[in-house]
Structure formats: structure tokens, C-alpha cells
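Participant: First to last, the protein sequences are chains A and B. Per the numbering used here, the first sequence runs over residues 1 to 114. Per the numbering used here, the second sequence runs over residues 1 to 113.
It is possible that part of the hints are untrue.
[Claimed, not checked] Within a straight-line C-alpha distance of at most 30 Å, the following computed BS3-like cross-link-like pairs (lysine-lysine) qualify: (1) B:Lys42 <-> B:Lys57; (2) A:Lys7 <-> B:Lys57; (3) B:Lys68 <-> B:Lys37; (4) B:Lys22 <-> B:Lys68; (5) B:Lys42 <-> B:Lys58; (6) B:Lys42 <-> A:Lys65; (7) B:Lys71 <-> B:Lys37; (8) B:Lys71 <-> A:Lys7; (9) B:Lys22 <-> B:Lys57.
Rather than coming from a laboratory, the hints here were simulated on the basis of the structure. Being a predicted model, the structure only gives us computed values, none of them experimental.
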Amino acid sequence: SAVISQKPSRDICQRGTSLTIQCQVDSQVTMMFWYRQQPGQSLTLIATANQGSEATYESGFVIDKFPISRPNLTFSTLTVSNMSPEDSSIYLCSVGQEGNTEAFFGQGTRLTVV
Amino acid sequence: GENVEQHPSTLSVQEGDSAVIKCTYSDSASNYFPWYKQELGKRPQLIIDIRSNVGEKKDQRIAVTLNKTAKHFSLHITETQPEDSAVYFCAAQGYSSASKIIFGSGTRLSIRP
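Kindly produce the complete structure, drawing on both the sequences and the hints.
Facilitator: Set out below in C-alpha cells:
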């Protein structure tokens, strides 16, 4: 299994500012994913963080709004840019291990934009 | 793209009874179907999974069935207990960690004492 440390666990931010969320894994993983989970809703995939190349974004999500970095096989960041109250949500990173299709999740970042 | 539908959205059962949650998926290339349990304020945790070469899998009180032809899969929880109360998500994925996981909309399961 993979142990994932996600930071910060929560934050309250002013609209128009940006927040960077970090995801650190205790072992090298093939892929890392970023999800958004709005209150009482399911997990919506934002993008796949690719090591050494640009992230792959899902429909409705763009790089200018959600820039992602993946400098190595154990670390990724998601930035929520120019925030508005609609960005208030829980953001989760998830990782997939080589040869093991189980996904492991970070504890999530609860973001409130005021 | 891949779509996963899940129902019911809420389910309330008497303690000791069984609970069944059903999902359908759209992408015939999907061949891995995990189920996640999410307790309030916590991260999703895998409880059971099934691959497309298997029709049924059981782990104590939890079982999952898969009908690949119909693109249906279901979660069965028997002898429900209060600690089974949570939100359950089905998901579909291609057969590698490189494939993204698409989640169903979730079922909020409540166990009545």
C-alpha cells in the first residue's frame, strides 16, 4: 500500500487568490490523479498528473485554472488559481501503483473561498 | 467518455438485513471495478474489487457481482451492522494503474438499529 501525505488539510482563502495543494507519497508510483469532491457529491476527476510532461485534463478543467506539477514519481502539486466561492470543495490526490490497480487517496484538502 | 451510473442514491436498511447497490458502466474497455467506502470526513477506502474475468467475489459479509455482457455490477452487504453506515462509491477503470478511475454518484447507506 501507499502512504499519502496531502497538505494543507484545510484552508480558508480570499477570492482572487491562489492555493497550492501538495501530495507526497512514500513510494514511487506510476500515476497520480487529482479529484474534486463537492459536499455530498461524488469524486470528479480533474486531471492526471504525468511525470515529466503536462498533465492530462478532463473535460471542464483547464490548465490555467488548475495548474499541476509532477516533478518526480513521489510528489505532485495542484494549484487552484484565481479562486471564487464556487471553488469551495474538497480536493483529493490519488495514486496508482505499478502492477496494482487499487487507488489510494490522500486525506483531502477542504478549501473554503470567501 | 466513460460514465458510471449508481443507484440508489440513498438506502436505509434494518440492522441485520442485506443491502444491495447497483452500478452500470458505459465503456466496454473497462475491466476493473472497485468499490470504495467513505465515512464522514474521511478519505475513500477500497473495500472490495472485481476484475472482468471473474463473475463474483466475496469477502466475509461483502460480495460483488459482475455481468460484463450487460455492463452491470453490484455490491451486496449481508448482516448489516451500524459501522456499515457510510457513502459507497462504485467505480470503473481500465486494467492498469495508468488508467483513470471514474466514480459513480455514490449511495448513502444508513443502518437502522
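Participant: Hint by hint, say whether it matches the structure.
Facilitator: Now the hints, each set against the structure:
Our distance criterion of 30 Å between C-alpha atoms is met by Lys42 of chain B and Lys57 of chain B, whose separation comes to about 26 Å. Taking the CA atoms of Lys7 of chain A and Lys57 of chain B, the gap is about 36 Å. The hint is violated against a cut of 30 Å. Taking the CA atoms of Lys68 of chain B and Lys37 of chain B, the gap is near 23 Å; set against the 30 Å cutoff, the hint holds. About 13 Å separates the Cα atoms of Lys22 of chain B and Lys68 of chain B, which keeps this hinted pair within 30 Å; it holds.
A threshold of 30 Å between alpha carbons decides the hint, and for Lys42 of chain B with Lys58 of chain B the separation of about 25 Å falls inside it, so the pair holds. Restraint check for Lys42 of chain B and Lys65 of chain A: the C-alpha separation of about 26 Å stays at or below 30 Å, so the hint holds. With a C-alpha separation of about 21 Å, the suggested pair Lys71 of chain B and Lys37 of chain B falls inside the 30 Å cut-off, and the hint holds. The straight-line distance between the Cα atoms of Lys71 of chain B and Lys7 of chain A is roughly 38 Å, outside the 30 Å bound, and the hint therefore fails.
A threshold of 30 Å between alpha carbons decides the hint, and for Lys22 of chain B with Lys57 of chain B the separation of about 15 Å falls inside it, so the pair holds.
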